[in-house]
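Student: Here are the chains, one letter per residue:
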Amino acid sequence: MTVKETRRDFLKYVATGIVCGVIAGVGGWFAGSAAVPAKTVTQTKTVTKTAAAAPTTVTTTTTVTKVIKPTPEAPKGEPIKIGYQGDLTGFCSAFGWSKSIAFEAAIKKINEELGGIDGRPVVGIIEDTQTKSDVGAEKFRKLVLEHGCSFVISSTSSGVNIASMPLAKELKTPYFNGASMSHQLCGGHGPNHPRFPNKGNRWFVSLQSLVSDQVPCIAPVLYEHVAHKWTTVYWDYAWGQSHDVLFTEYIEALGGKVIKHIPVPLGTKDFLPYIAKIPKETEAVYPVFLLSATVSFLTQLKESGYEGELGFVICLVDGVDCEALADIVKGCWTLEYWPRMLKYDDTPYNRDYRKRNKMDEYGYQIYRGKRIMSTNSHSWAVWQNIFLIKEAVEATGWKDRRDNEKIIRYVEKVGVLPWSYEYPQGPMFLRAEDHHGIGRKWLSRIDEKGRIHVVEELRPEDSWFKPTIDFRKMSF
Amino acid sequence: MIIEEIISKLFLGVFNGVAWGLIIALIALGLSLILGIMEIVNFAHGELFMIGGVITVYIVVFSNLSFWLACVVAPLVVAALGMALERTVLRPVEGAPERTIIATLGLSFILMQTVLLIYGGSAYNVPSPISGVFKLPLIAYSKYRLVAAIMSILCLLFVLAILYKTKLGLWIRASQQHLEMAQALGINVKYVNMMAFALGSGVAALAGVIASPIIAMEWIVGIDALLLAFIVVLVGGLGSIKGTFVAGITIGIIESTAGILLSPTFARAISLSICIAILALRPEGLIGVWSG
Numbered sequence: 001m002t003v004k005e006t007r008r009d010f011l012k013y014v015a016t017g018i019v020c021g022v023i024a025g026v027g028g029w030f031a032g033s034a035a036v037p038a039k040t041v042t043q044t045k046t047v048t049k050t051a052a053a054a055p056t057t058v059t060t061t062t063t064v065t066k067v068i069k070p071t072p073e074a075p076k077g078e079p080i081k082i083g084y085q086g087d088l089t090g091f092c093s094a095f096g097w098s099k100s101i102a103f104e105a106a107i108k109k110i111n112e113e114l115g116g117i118d119g120r121p122v123v124g125i126i127e128d129t130q131t132k133s134d135v136g137a138e139k140f141r142k143l144v145l146e147h148g149c150s151f152v153i154s155s156t157s158s159g160v161n162i163a164s165m166p167l168a169k170e171l172k173t174p175y176f177n178g179a180s181m182s183h184q185l186c187g188g189h190g191p192n193h194p195r196f197p198n199k200g201n202r203w204f205v206s207l208q209s210l211v212s213d214q215v216p217c218i219a220p221v222l223y224e225h226v227a228h229k230w231t232t233v234y235w236d237y238a239w240g241q242s243h244d245v246l247f248t249e250y251i252e253a254l255g256g257k258v259i260k261h262i263p264v265p266l267g268t269k270d271f272l273p274y275i276a277k278i279p280k281e282t283e284a285v286y287p288v289f290l291l292s293a294t295v296s297f298l299t300q301l302k303e304s305g306y307e308g309e310l311g312f313v314i315c316l317v318d319g320v321d322c323e324a325l326a327d328i329v330k331g332c333w334t335l336e337y338w339p340r341m342l343k344y345d346d347t348p349y350n351r352d353y354r355k356r357n358k359m360d361e362y363g364y365q366i367y368r369g370k371r372i373m374s375t376n377s378h379s380w381a382v383w384q385n386i387f388l389i390k391e392a393v394e395a396t397g398w399k400d401r402r403d404n405e406k407i408i409r410y411v412e413k414v415g416v417l418p419w420s421y422e423y424p425q426g427p428m429f430l431r432a433e434d435h436h437g438i439g440r441k442w443l444s445r446i447d448e449k450g451r452i453h454v455v456e457e458l459r460p461e462d463s464w465f466k467p468t469i470d471f472r473k474m475s476f
Numbered sequence: 001m002i003i004e005e006i007i008s009k010l011f012l013g014v015f016n017g018v019a020w021g022l023i024i025a026l027i028a029l030g031l032s033l034i035l036g037i038m039e040i041v042n043f044a045h046g047e048l049f050m051i052g053g054v055i056t057v058y059i060v061v062f063s064n065l066s067f068w069l070a071c072v073v074a075p076l077v078v079a080a081l082g083m084a085l086e087r088t089v090l091r092p093v094e095g096a097p098e099r100t101i102i103a104t105l106g107l108s109f110i111l112m113q114t115v116l117l118i119y120g121g122s123a124y125n126v127p128s129p130i131s132g133v134f135k136l137p138l139i140a141y142s143k144y145r146l147v148a149a150i151m152s153i154l155c156l157l158f159v160l161a162i163l164y165k166t167k168l169g170l171w172i173r174a175s176q177q178h179l180e181m182a183q184a185l186g187i188n189v190k191y192v193n194m195m196a197f198a199l200g201s202g203v204a205a206l207a208g209v210i211a212s213p214i215i216a217m218e219w220i221v222g223i224d225a226l227l228l229a230f231i232v233v234l235v236g237g238l239g240s241i242k243g244t245f246v247a248g249i250t251i252g253i254i255e256s257t258a259g260i261l262l263s264p265t266f267a268r269a270i271s272l273s274i275c276i277a278i279l280a281l282r283p284e285g286l287i288g289v290w291s292g
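Protein chains in written order, with the numbering used here: chain A, 1 to 476; chain B, 1 to 292.
Simulated from the structure, these hints should not be mistaken for lab results.
Just so you know, not all the hints are guaranteed correct.
As the list claims (entries may be wrong) - DSSO-like, lysine-lysine: derived pairs with alpha carbons at most 30 Å apart:
1. B/Lys135 - A/Lys302
2. A/Lys399 - A/Lys413
3. A/Lys81 - A/Lys277
4. B/Lys9 - A/Lys302
5. B/Lys9 - A/Lys330
6. A/Lys269 - B/Lys242
7. A/Lys260 - B/Lys242
8. A/Lys229 - B/Lys135
9. B/Lys135 - A/Lys260
10. B/Lys242 - A/Lys330
11. A/Lys76 - A/Lys229
12. A/Lys302 - A/Lys280
13. A/Lys269 - B/Lys167
14. B/Lys9 - A/Lys257
15. B/Lys143 - A/Lys260
16. A/Lys277 - B/Lys135
17. A/Lys169 - A/Lys473
18. A/Lys269 - B/Lys165
19. A/Lys330 - A/Lys413
20. B/Lys242 - A/Lys302
21. A/Lys449 - B/Lys165
22. A/Lys277 - B/Lys9
23. B/Lys143 - A/Lys449
24. B/Lys242 - A/Lys280
What the hints assert, rightly or not - Simulated restraints on C-beta separations:
25. A/Lys142 - B/Ala184: 56 to 66 Å
26. B/Asn188 - A/Glu307: 52 to 62 Å
27. B/Ile150 - A/Gly369: 45 to 55 Å
28. B/Leu69 - A/Lys229: 37 to 47 Å
29. A/Gly331 - B/Asn64: 19 to 29 Å
30. A/Glu307 - B/Leu69: 49 to 59 Å
31. A/Lys466 - B/Ser273: 32 to 42 Å
32. B/Ile150 - A/Gly331: 29 to 39 Å
33. B/Ile150 - A/Tyr362: 35 to 45 Å
34. A/Pro197 - B/Ile276: 52 to 62 Å
What the hints assert, rightly or not - Just some of the chain B residues that point at chain A, by a computed CB distance under 7 Å:
35. Val14
36. Asn16
37. Ala123
38. Asn125
39. Leu136
40. Ser142
Bear in mind that the values here come from a model prediction, so they are computed numbers and not experimental data.
All residues carry an ideal CB built from backbone N, CA and C; glycine is no exception.
Isolated chain B, as found in the complex (with noise of 0.2 Å):
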């Protein structure tokens, strides 16, 4: 009986831990992009997970309109609003990494105090999309988690394409690699920095829409969810897209296990001592730096 009570536990803390590491690592990915290919290390990136979220509330809550309408319209403006401040406040001060460290800093203060002056202080809470759980035969698990899952799961599958099928994804991968060279050859360099910060932030709003209908949105959640990407960008390599999943869904499952098994605050002093014991022994990270 205790053997089923703890594989069960176990079983649950899995399925969670896949769940959320995915939704976290889809923030670190648009976090390690712009890292990679700009080298900028973005503070403001949190916001832009949390201003997805907020439009979806905007969207389902307070329009009564789809949540899967949310799904498109989010990650588009947050990735034009990535285009904008990429064109206005970072492209003024690139190749100046204590003048980008202080712009993003300023840009997550105004950003943050932008959201509490127009959607207020509350936190709301988007209905979920689809309801009920997956009966199996040791757990109950949410549907609408599953399904996060899964579309954490497609939304990095068409960033890989598109890094990897397009042209775009080709200078983006060509500039991460040797900027200089690309600039050589022609590349754009301008460009390609301004359309993989749009697609690091559509990104991140995605994240924040999957997010949701799990925690509620308020516009202070994006310091937790900085906090844990960025911790999943070290762990994972920096720049690297693969290792981001993997950091991602590794530090998912140890942090979840360990919670329901232990308590959610040893959880994450458990998942920092690994991150840390991996960074001893692979400074470079899981996958290694600049892999893709």
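Chain A extracted, bound-state conformation (with noise of 0.2 Å):
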């Protein structure tokens, strides 16, 4: 016997199932928020690199524990500002917007993820440098003073930093570095140094490696697999002078020559006249530029007819797809504070923030449609930065601006920020004498293609320097 299924009966069926769904969906939910637990990530990861070229073996074993909370309720009250000193436009413009990328996603995470930052939303204020020192220290003014924010995330230019440090102080403002490195803004050379003294204060804090724990990773490479004369060549401002300082200090410690320095105006377009400086007799030259004044000034190199050799920090080349410039950086070692590349550091953590950030594995971004290398180096310190407020508000119960000092405090005694979600970069020891934070490095080469592959990654304690300065002696 057949039952012929009538249309009642299949609406039957339909409101049933209907019925039966919300039920199992409203239990469900009320079942999931009782009773499921704290979600804990465990990753262990261990690391064993030799390389041919690279100077030693290198073994890293690295365990992290991570306790992810559940979600929250949405963020309400009060919002806190935060504010980014964003070079929109000038010479540092391309870090600008990867950086504000990282600054949105951030707190887009915090606010729609994260239950805000204790409780309340997080807005974020953006306001653009141009890339220069007296516009940048009057946009820090106005973040804290018109927007109200009250933590700022610094510019990439250090000129910017150095102007805004005395306006951070003035306004008791904890101020973030946003992946400037000049050493002078914790510390430089100590606090009475005649050349490169110190420019920071006790409200400054530095998640990003500086040039003070760049160049002993890069200094010693380069002199054992590059080059012993040198000649440095330079933009002529704070992040230039720390690197044709601290360059010519390594490298003649290690038994080497710096014979010409060459520092360059911000601003110049035509490095023809520079690049007739550099003697017949230098073996290799050390750039220091950014993005297009990088493009310009190895173009105009080559095409001089200089057949040396080159050896760099990454800051060179973050931000340029070195593929257009690959026939003359092809072999060219450089230090990386994270790879360009997805493979040589592939975490969770970074697969996580590179998807936020709307980055691929090659380290390409997109930005007003267009797919521009990212500035991933240095980008990542914005994002870190707004999760060490994040930490530090809701462990030090921060209400308002009148408990800044609270931020500091607790910067001053955290130690140890633990690979995460939050810290995607790597585990980094949070020194308390010059608030600088000293994590992972990797030292890399760039092949045939213009792409950089890591040859050997570094660890925290490899460019661990003694401090210059201890800002907790200074009074806020």
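With the hints as a guide, bring both chains together as one complex.
Tutor: This is the structure in structure tokens:
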């Protein structure tokens, strides 16, 4: 016997299905809210690398345990405002937009997935510094006084950072390094050094590496594998000067020599007059430029008939697609602060960070519909700063800017920032004395197609150096 | 050995000075034309140079098309823009120098901010269409820069041909010499002004195209160019085409050789000092006012 199902029967099934689905969904939601424990992700990573060209063999064993809290309620109450001195125009502009993406992505995650900071929503405000010191300082004041920001993330330009530093103190505002790198920001050559004194103060916090922990990593490799007689050609402001002085000190301590120092004024378009000053006996050039100036300098260096070697930190080519420059930079050694290629640090944290920052496995980001090389070795600092602010606010019971000193005191005692979704670049030691976070770095080489390959991963302790200042002895 | 090095640097300075001087002279040429005929100090002229470079970036970098296409498209587009600007912005304030200064300054800001909005704040490098170097006994010099110098000379010859071999050129020169008399003889001065502005704009844009493989193009690149172009126009003689080129090459060589032998900062100080001395001795400029 066959039973013919009527239209009415079909509707009954559908209605029953919907009711059951709703009951199951509601029940599951209640059960889930009540019973789901905090997710625990445990990652154990062992890295052993031996490279023919590498100066040493490194074995890194790292164990990370991270507790991810269940999704909390939507944030409510008075918003917490975080300002960002974005270099949206001027010679650091590609850093500015790439870091803006990290700034907005971190705030989006906090507001939409983590219940805000201490249950309060976060508002991010970006002001364009034009990558100029005077404008940057003016924008710092505007962020704090007009927009009411309690914390400020800094520009990529060390000049802007140095110009804004007294304002951070005057306005008692924690000032987090958005990836500027002059060593003078966290101590310099010491507080009373005649040429390179400290320019930082107790309100400044740097989670990004500085020239002072970069040069000790790259100089020995360049001395051993590239050349002994060097010429430095650098942007003539705080960051370039830091590289010139520290690179000279390290190369000469190793037995090499910097035979000529060529400062280039900011804004220079034609590098040929400076390239002509490179002495003939130079075996290798250590260039210190950024973005379009890098491309101009390297192209003109090649056009001048230069046939010597090159060596540099990643700042030179961060945000620059090396494919077009491959015949100039192939074989060069560099120091990355987070590998451009995902495969050299393929962790869930890195994948999550890249996804949220619209970055692919080769380091390209989408901006205004264009696929452009990101400034990946720099931008992560902005992301991590936002999460350090969140951590400090929640740990100290911070309520408003009158509690700002508590944030700095927290920074001075926090010690280690664990490898996590919040701090995806790796474990970092945040030093109490100079507020300088020291993390992992990567020695890399560029191949004939312009791709950057990691040769060796360096642990935080590999770039450790003695602090030259103790901010804790300074007044707020 | 030291003498050989100094001589090689001097040669490099002269080569580079001529190449740069010719590019600057191209920018100044348009400025000089507009100043000579319309008596307008065009503060937006640097932006026309910048737009020429930016169009090249769009064609070569973003669209992967030929650099040589940019050499044709950018001057035509900017010449058309120049015509529109002359017709809508400058013609209503013609004959009132203060108002034209304010108008062109405003125009400069509007053009810069528009480019910033569309193109963004980043600088982009255009790959050189001709790579490699010429190797001479004492120096190696970029092939492209030599081609850039030749292109600038060809452009100068083209402008001179228009001025001296065409009816439009005759009208332009007549208007430059005596505006009222030219009008009395039936020359449509408004048409001549518009065409001269378009010609000056197109030449500035071509300078931008030629410079784009040498300097990174960004929205503020016109400011520096305008400053140098003004110096060249003043030293060459207001409105003098030949003077503009002589001054451009002279200043280029002084800045380049002094920059290589001393430092570029000193070089600018030296070239400005020489310009002041020239103007003190010959206030009408190297070639003379309105001599063509």
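Student: Below or equal to 30 Å on CA atoms is what counts here, so check B/Lys143 against A/Lys449.
Tutor: holds (24 Å)
Student: Measuring from the C-beta of B/Leu136 to each C-beta in chain A, is the shortest one below 7 Å?
Tutor: violated (10 Å)
Student: Would you check the hint for A/Lys169 and A/Lys473, treating anything up to 30 Å between C-alpha atoms as holding?
Tutor: Status holds; Cα separation ~14 Å.
Student: Could you say whether the range 32 to 42 Å given as a hint is met by the Cβ separation of A/Lys466 and B/Ser273?
Tutor: Once the Cβ atoms are compared, 49 Å apart, the range 32 to 42 Å for B/Ser273 and A/Lys466 is violated.
Student: Do the alpha carbons of B/Lys242 and A/Lys302 lie within 30 Å of each other, as the hint requires?
Tutor: violated (34 Å)
Student: Is 45 to 55 Å a correct range for the gap between the Cβ atoms of B/Ile150 and A/Gly369?
Tutor: For B/Ile150 and A/Gly369 the Cβ distance comes to about 37 Å; the hint is violated.
Student: Do B/Asn188 and A/Glu307 keep their Cβ atoms within the hinted range of 52 to 62 Å?
Tutor: holds (60 Å)
Student: Does the structure keep A/Lys269 and B/Lys165 at a Cα separation of 30 Å or less?
Tutor: violated (37 Å)
Student: May I ask you to test the interface hint for B/Val14 with respect to chain A, counting a Cβ-Cβ separation under 7 Å as satisfied?
Tutor: Because about 12 Å separates B/Val14 from the closest Cβ in chain A, which is outside the 7 Å limit, the hint is violated.
Student: Confirm or reject the claim that A/Lys142 and B/Ala184 have a C-beta distance inside 56 to 66 Å.
Tutor: holds (58 Å)
Student: Given the proposed pairing of A/Lys269 with B/Lys167, does the C-alpha separation stay at or below 30 Å?
Tutor: violated (40 Å)
Student: Verify the proposed pairing of A/Lys229 with B/Lys135, using a straight-line Cα cut of 30 Å.
Tutor: holds (25 Å)
When the structure is compared with the earlier hints, violations turn up for hints 3, 7, 10, 11, 13, 18, 19, 20, 21, 24, 27, 30, 31, 34, 35 and 39 and for no others.
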